[in-house]
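Asks: The task is simple: from the sequences and hints, build the whole structure.
Listed below are the residues making up each chain.
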Amino acid sequence: MARLSLVKTAFAAAALMLAAGSAQAQTPSILQQVIQRGTLRIAVLGSLPPYSKVTPSGEPEGYDIDIAKRIAAALKVKPEFVVGDIPSRVTALQTHKVDLTIADFTRNVERSTTVAFTDPYLVTVMRLMVREDNKAKTIAELDTPETRIAISRGGTAEHAVPANLPKAKIVRFNTQADELNALLSGQVDAMAEDNFYNTQAIKDHPAKLKQLEGDLARAEIAIGLPAGDFDWYRVINLWVHQFNATGDNARLFKKWFGFDQPTIQAKF
Amino acid sequence: MQYTFALRTIYPYLGTLWQAALVTLYLSLLGIAISLVIGAGVAVMRRSRSMPVRFLGAAYVEVMRNTPLLVILYIVYFALPQTGLRLSSFTAALIGLSLNSAGYMAEILRAGLIAIPHGQREAAASQGMSGLQAFRYIVFPQVIRIVYAPLGNQFIAVILASSLASVIAVEDVASWMQTIGSTSFRFFETFVVAAGVYLVLCQSVNLGRIAIGRALFKHLRSAR
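Sequence lines, in order, name chains A and B.
Using numbering that gives the first Met the number 0, read the first sequence as starting at 0 and increasing by one per residue.
Using numbering that gives the first Met the number 0, read the second sequence as starting at 0 and increasing by one per residue.
Derived from the structure by calculation, the hints contain no laboratory data.
Cβ atoms here follow ideal geometry from the backbone N, Cα and C, with glycine treated the same way.
It is possible that some hints are incorrect.
What the hints assert, rightly or not - Residues from chain B that keep clear of chain A, each with C-beta distances beyond 10 Å, as calculated: (1) V22; (2) I33; (3) Q81; (4) I113; (5) G118; (6) Q119; (7) G130; (8) V146; (9) V166; (10) T182; (11) I209; (12) L215; (13) F216; (14) H218.
Unchecked claim - Label pairs and their computed distance ranges (CB to CB): (15) B:N65 / A:K168: 56 to 62 Å; (16) B:R7 / A:G45: 46 to 52 Å; (17) B:R64 / A:G257: 44 to 50 Å; (18) B:N65 / A:K134: 42 to 48 Å; (19) B:A210 / A:K202: 57 to 63 Å; (20) A:P165 / B:Y10: 25 to 31 Å.
Replies: Shown next, in the form of structure tokens:
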């Protein structure tokens, strides 16, 4: 009995520590905080070109980075980038260390129970990328027990790959860069990532990689915000809507990806 | 709004944690055993009369102690296939972990060997013991007793270091933590659970080591 309550106390203490890092009931909305502070803090990923990457001089650049700069400009504040990894792009929002996350964030209901998402600024399709010398033409040809497919831990592919290739073996990595290394070194036969990332990787590694025909899944990429602040959500979501509607998004996409942005509208 | 810590949100994912904990335990115990064997060999090399052999032993220790395990894992898993040698995630992780830990094991065992005064070997020789006999009956039992506690530290270090294996696709406890965290965005909950699992695994191995030590050194305790 004493042991059990000790465990419970430890968990309660952990919960309290987490709570202490977050906002108190009386604090002003994030919108007011950002305007008073004069800076907008944005969590981004360090290595996901062309979405984002850190240049040798230490400056982040990319499609996601330009979006962040435009939001800051619209709010008349300075952008302040917090370069992080897959867990920290989430936990930084939950502990209010950043005001926004713009980091190739796929939205869904389970995830939205802990952070808020705007409307999508991008819709991606997941496809299989293989080495150029792979003889397979279709996704179905790779559905064998010998096929090893690299995916991102906890991402869209966790469901999409078993649904489309039930026999293939899943090999999990923390970053897209590790998946690509595994594919190039022959540790896996294919990797399941979004079409835009794959297209860039094929361009960066001439005559080494190709994509197979057919889609595995559709993902809505959105900006993440701390949950529970409607005023902040209202402003950022309006910005996303107008960014899409004015064609600014399509132009920015073309600048970074080099081809036309596919439609964001879902077909019901 | 403050984050609400809710362990129950990850209950549905606990089923896969059991398998992940077994992978961590299996990888760590094998890593400990293999690195102990390699480490013993290197420790003996460092005490050799031949200079080149001593140099090789010292070079091994310094290379392994001065390169991050993460880099060794990347080399074994991503770079070796370029030379035609493709190892599975688990094998690559086991090799990297064992090679790295062996550097530390060698130093612990060497310290134990140094601690035995040379006079004892001479005394054993004067009693007509061969070199091997002196090692088996005089040196080895004392070395084991001296290094037993420091080895325990290294055992725990191996278990904790095994969490890096997830970067080369091993499905261990750290992999579970990342996978379930990314799926549910409940990273705080998965961090706390993973920390708890590592704590239990390390303490179990440590308590096992202490129990074996009690049995091994029973005669010493009763003599006191």
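Asks: Could one say that the CB atoms of N65 of chain B and K168 of chain A fall in the range 56 to 62 Å?
Replies: 36 Å, violated
Asks: With d taken as the least Cβ-Cβ distance between G118 of chain B and chain A, does d exceed 10 Å?
Replies: 51 Å, holds
Asks: Taking 10 Å as the cut and beta carbons as the points, is V146 of chain B off the interface with chain A?
Replies: 33 Å, holds
Asks: Taking 42 to 48 Å as the hint, is the beta-carbon distance of N65 of chain B and K134 of chain A inside that range?
Replies: 44 Å, holds
Asks: Does the no-contact call for Q81 of chain B survive, Cβ to all of chain A over 10 Å?
Replies: It is violated; Q81 of chain B is separated from chain A by about 6 Å at its closest Cβ, not greater than 10 Å.
Asks: For R64 of chain B and G257 of chain A, compare the CB-CB distance with the range 44 to 50 Å and indicate the outcome.
Replies: 47 Å, holds
Asks: Taking C-beta pairs only, is I113 of chain B more than 10 Å away from all of chain A?
Replies: 42 Å, holds
Asks: Kindly confirm whether 46 to 52 Å is satisfied by the beta carbon distance between R7 of chain B and G45 of chain A.
Replies: Violated, at about 33 Å.
Asks: Would L215 of chain B pass as off the interface with chain A, using Cβ distances and a cut of 10 Å?
Replies: 30 Å, holds
Asks: Is H218 of chain B truly not at the interface, in the sense that its beta carbon sits beyond 10 Å from all beta carbons of chain A?
Replies: 34 Å, holds
Asks: Could one say that the CB atoms of A210 of chain B and K202 of chain A fall in the range 57 to 63 Å?
Replies: This hint holds: roughly 59 Å between Cβ atoms.
Asks: Going by Cβ atoms, does T182 of chain B stay more than 10 Å from chain A at every point?
Replies: 4 Å, violated
Checked against the numbered hints above, the structure violates hints 3, 9, 10, 15 and 16; every other hint is satisfied.
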